[in-house]
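Number of protein chains: 2
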Amino acid sequence: MHTGHSTLRKTAESNSIAPAMAKPQGDLKTLQTLITRTPNLRDGDEANMRRVLRNYFLNTFTTYESLFECLVNDQAFYTKPISLRHPLIFYYGHTATFFVNKLLLTRMINTRINQRFESMFAVGVDEMSWDDLNDGNYQWPKPAEVKAYRDQVRALVLNLIDNAPLQMPVDWNNPWWAIIMGIEHERIHLETSSVLIRQHKLELVKSSPHWQPLRESGRAPQNSLVKVAAGQVRLAKDKTSEHYGWDNEYGVHEADVNAFEAAKFLVSNQEYLQFVEAGGYLNSHNWEEEGKGWLAFTKAQHPTFWVKKTNGWYLRLMTEEVAMPWDWPVEVNYHEAKAFCNWKKSETGLSVRLPTEDEWYRIYDVADVKEVGAEKSNANLHLDYAASSSPVNKFAHGDFYDVVGNVWQWTETPIYPFDGFEVHSIYDDFTTPTFDERHNLIKGGSWISCGNETLRSSRYAFRRHFFQHAGFRYVVSGDIKPVPSSHYETDKLMSEYAEFHYGDEYFGVANFSKSLVDLAITTLIDKPKRKALDLGCASGRATFELAKHFDQATGIDFSARFITQGVQLANGETLRYTLADEGELVSYKSRSLADLGLAETTNKVEFSQGDACNLKSQFTGYDFILAANLIDRLYSPAKFLGAIHERLNIGGVLMLSSPYTWLTEHTPREEWIGAFKKDGESFTTLDGLQAHLGKHFRLIKGPQELPFVIRETKRKFQHTLSEVTVWERIN
Amino acid sequence: MHTGHSTLRKTAESNSIAPAMAKPQGDLKTLQTLITRTPNLRDGDEANMRRVLRNYFLNTFTTYESLFECLVNDQAFYTKPISLRHPLIFYYGHTATFFVNKLLLTRMINTRINQRFESMFAVGVDEMSWDDLNDGNYQWPKPAEVKAYRDQVRALVLNLIDNAPLQMPVDWNNPWWAIIMGIEHERIHLETSSVLIRQHKLELVKSSPHWQPLRESGRAPQNSLVKVAAGQVRLAKDKTSEHYGWDNEYGVHEADVNAFEAAKFLVSNQEYLQFVEAGGYLNSHNWEEEGKGWLAFTKAQHPTFWVKKTNGWYLRLMTEEVAMPWDWPVEVNYHEAKAFCNWKKSETGLSVRLPTEDEWYRIYDVADVKEVGAEKSNANLHLDYAASSSPVNKFAHGDFYDVVGNVWQWTETPIYPFDGFEVHSIYDDFTTPTFDERHNLIKGGSWISCGNETLRSSRYAFRRHFFQHAGFRYVVSGDIKPVPSSHYETDKLMSEYAEFHYGDEYFGVANFSKSLVDLAITTLIDKPKRKALDLGCASGRATFELAKHFDQATGIDFSARFITQGVQLANGETLRYTLADEGELVSYKSRSLADLGLAETTNKVEFSQGDACNLKSQFTGYDFILAANLIDRLYSPAKFLGAIHERLNIGGVLMLSSPYTWLTEHTPREEWIGAFKKDGESFTTLDGLQAHLGKHFRLIKGPQELPFVIRETKRKFQHTLSEVTVWERIN
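One line per chain: the protein sequences are L and S, in this order. Count along the first sequence from 1, then add 543; that gives the number in our numbering. Count along the second sequence from 1, then add 543; that gives the number in our numbering.
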């Protein structure tokens, strides 16, 4: 796990793409119709919705079960296809248990069906917890027992669909969201389990009439580049959308995409062979850093599903090996795709790389691709044709082929949240743990991608070393801007401050930074408002608030960590953080300046690390200086108070606020400016402020108490009164 | 200072008794009238009050200055009479500075007169801070400079008395209280400075016409015992009292005093000589433990003011030594007085001891003593006669002599606060630091006690080794009940909990323990209310609240320290604690059950130390069990939850409340019952409660959030929501 490429996160696994019931050669007796499409949730009345969901559920549940007909015996359920994932018995039970868990969370049900199974089948692979995968930890039940359990769940869900109260529409906030989520979840696993079956030893799998590959292959076409004009892409799925979506799809995203060229076809096995034969896997100079690590660890010499036999190359399909279909798309992970591009770049001198997510949307848009409809799709998608890839020149989309379908296409873009992203309460870790810049988006779906997976708006991401029915299309274009940072801050203090500055109000106490600045402004009515300084700015909220009123606002804090929050927001990024709820449970939160009406301030603020007791000389000439909750955290408040007038213009205003919580860990006792007995009498901090500031300032407002609240957990808060004093520099 | 008898506290010093202008031989030309009595503050109009205070102030200020006429030269101001107190120059300035400091605090003035002097003259001796007394720390000014400073203060105070706005009456809450406090404070120092002069080397003092002793002595009378019938004593000074009082005098005190016998006379030098001659100072077996320490340290062989010369015993007075006046009262500290009593007891077989404070009041009442009035008093008191003691058989009071006046009388009683005690905001450490059971009350006043000191209601206390113009009267009576504990709890956590349970409300949040019990009662309408258990009772408030509704309420906590707070209150005592305000500044607080309407519950509660995870078997058969903020502090909440039904009757009710703030320092991670992801889904503490309690309980109320606030400082609070669930035992 330290090499970072040995497996994928539990979540990536959970949202990995699942296989569905294929219709061999397009004409299958057992399943009369095409696999059901993801339903329009805004369509029709309640009775219709029950009917639609019943059908969608049954079709999915049954298709998923049929996948396991490809296993030769019970042992094939227990043997792991790859070492870092559970055996297939787990996935057999898992999609059923998922329904139970989510239905419990939306309170559509109140009790479990099988406590033991539901504990066993709940958690997938977490790469941080290798011991989850000790076989000894699991006494797997027999497949027949799991089938019986699945039957119970099937009956349960059907009963709910038929009889549970239903308030239309079935949307994000509806308890029924659990049902559609369970179905779409199972469709993801339909695909990922098909990959596991493909990774199983040949002797553990068998051919199934429902899962027959396409028997169609020929000479690979010569690839070429197609120009794509510059243009804008836009995604804006909202809560009124007619189709189910995972959390990461919602929100608004708009981007201007420069003109670029893109390969007409997905890279075929034939085209990729050149790279293999050029020694692509033998020396690592075409590989990115992370890819080099993966290559060294795995000692791969060719794509994972390629099999070298004495009589030439074969390709491993789900249940068989076939002579290499050279015109089918190559299936690789991101590292292999990227190494190919780098090799191609050095061969051709062109700026070859993988497309970004936005470039993929641009191709989709210019190729005028349509969503899968009721009829058989014009793409090797949704199991409409067979249980395998197809030639890269079979499905044309505009000037391109396979813009969607056949195999997923790796992009250069790590998954990140759109503006307005929020987690769903019953599945808050679907995407958030993948906002780590190590999970890249794959687009377009494969032959087994069904339901939500086929939508333009869907966004699935995997660790870059992960295998899927996935290949790539290359583009020739310029450099890529990195995606905005989308890490969730999990450090407790940093998260608490993010919430304190930008988050919600508690106990009816207004935002402290904003209240301070509003109060300051009332004392500054006739005063110049050119430069303001926010000393001890922490996460920076007051700096932005000051920038609403001043020409320029500077935030300075001793902590460079805090500064990053302000800097990030000033860059137009969204602040993301987890809030401790209870014990280890957290909730996910994000805020941007736009949410707070502060988007216009970004060009007027700057942040800097600095020491309030020893300010750099350039920080001077201010009309206003704020020191909020600062003085009782300084190592020498006297130093600060004794020199601060030098940074203010005459007539300028200094605002101090503090709860005077003196602690020797911040301020040595001998540096306290008050809050002790002096000459036998109480000498408060305010007395000390007056003594230190009296020479250059007069008190023009206060003292008055301004409250603030810092959230520690869902139920525990610091509720503090900060004493505010406002001082005018008189000489 | 470790022996506990080498000096006295600053406060003891500050409230030590001060000398005033004596009228030698009762007829003094320079001071025409008797020393002014402490004024009636409820008498007359505003103009009269200004006149009265002007007179009282001037008389005091001038009398005090005249005391220093007894010093031979400037050096006598700088040489310390005793090693552990300041030289007299300090006390010369101190009483003036005190006016300035207290006037600043009530905002009758806004600026200091002399920053340097007022720093130098502010703090007396604190026995914990020996370095305060390094001579090197002080560059004392010349007495003439101090006199000039005193003249400034005199003018300031007179100007205020004549011109400052005055809202009648002058009472505890009036800013003018600072003026009367300053005067009474100076009268205390009149007495204590007279003691220092008496302790000065003879060559540093000189006779003054204003400070002449009585030249009257004869044969000491034979002492005898006078019977005092049983009776009640009562003190009840309140804020409407007509005379100034120090904080410790206010409140209500009533006591039944058993019959006893008391010596007719104070113990004379003659009577005490028997003890000295019997070897009383040579072997320590008559001395109490603390007295033994003092004796060993000082190697005293006779009373401190006795001087042994070749021609016999002499007595040191203020400025001279005179042949021993054997009929004057002996002057000793508590240890010497107590040793005499113990010796007398062993000699006579009678239960000889010092009187308690209450016994002194009883003697005062049966002797029908009157307060000092406008006329010359019938006691050697208030400087009405001379600057020395007088024969013990000179002033008769009923069947006794010298019930008041002549010398102070040591009692057995350490000073403690009466019910209703509170500190005064401008002098919050006048008495509180002496509530340590090491400061014993002295009663009756001496020849130099003036003003408040002469009142029956006054209560002065000193360390037991301290010297004053003080002696004793012995009584024969039974054992003494110890006084109620009057320590101020200064431990931060203990104090915070005392305030949390019994103190004020903050942010409008009602008392948590009371709210919990009120909520519980609403679910118990038709249920039996015999026995209630408050598990994790901490300071015990909920136990008392339960006792309002149940026949019996038991409070159990793991912490014996917490239990003591409940036990103390159940014993009818007052809980006293300091609240952190800001840095080192604190405020003093006290609460009793009577303040909270809970006085009637004391006979229904009991407190016990115990472990909620391993309860002793006798704690069973309850109708109601409360576990407030407990489960997230247990080392094994599962153990507690799994066994608690055994302690409840069937149909009985368990109320849990907790913010679920799980911390591994209290509960090892593996013992948490929830607040983590379980099988991939959020498993809250409430889920855990349901899992653990489901077998024996049903949830009948909640979950609902109940807020509480814990005050950390004047401006910093924990504001928490506790989740309440109520469970009925069903089997």
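Because the hints were derived from the structure by calculation, they are not lab data. Bear in mind that the values here come from a model prediction, so they are computed numbers and not experimental data. Fair warning: there could be bad hints in the mix.
[As the list claims (entries may be wrong)] For lysine-lysine, the following DSS-like pairs were computed, each having C-alpha atoms within a straight-line distance of at most 27 Å:
hint, chain 1, residue 1, chain 2, residue 2
1, L, K1057, S, K851
2, S, K1182, L, K1257
3, L, K1057, L, K913
4, S, K1221, L, K1257
5, L, K623, S, K1221
6, S, K1091, L, K1257
These are the hints, each one checked on the structure:
no.: 1; hint: L:K1057 with S:K851; result: violated (79 Å)
no.: 2; hint: S:K1182 with L:K1257; result: holds (26 Å)
no.: 3; hint: L:K1057 with L:K913; result: violated (48 Å)
no.: 4; hint: S:K1221 with L:K1257; result: holds (19 Å)
no.: 5; hint: L:K623 with S:K1221; result: holds (24 Å)
no.: 6; hint: S:K1091 with L:K1257; result: violated (33 Å)
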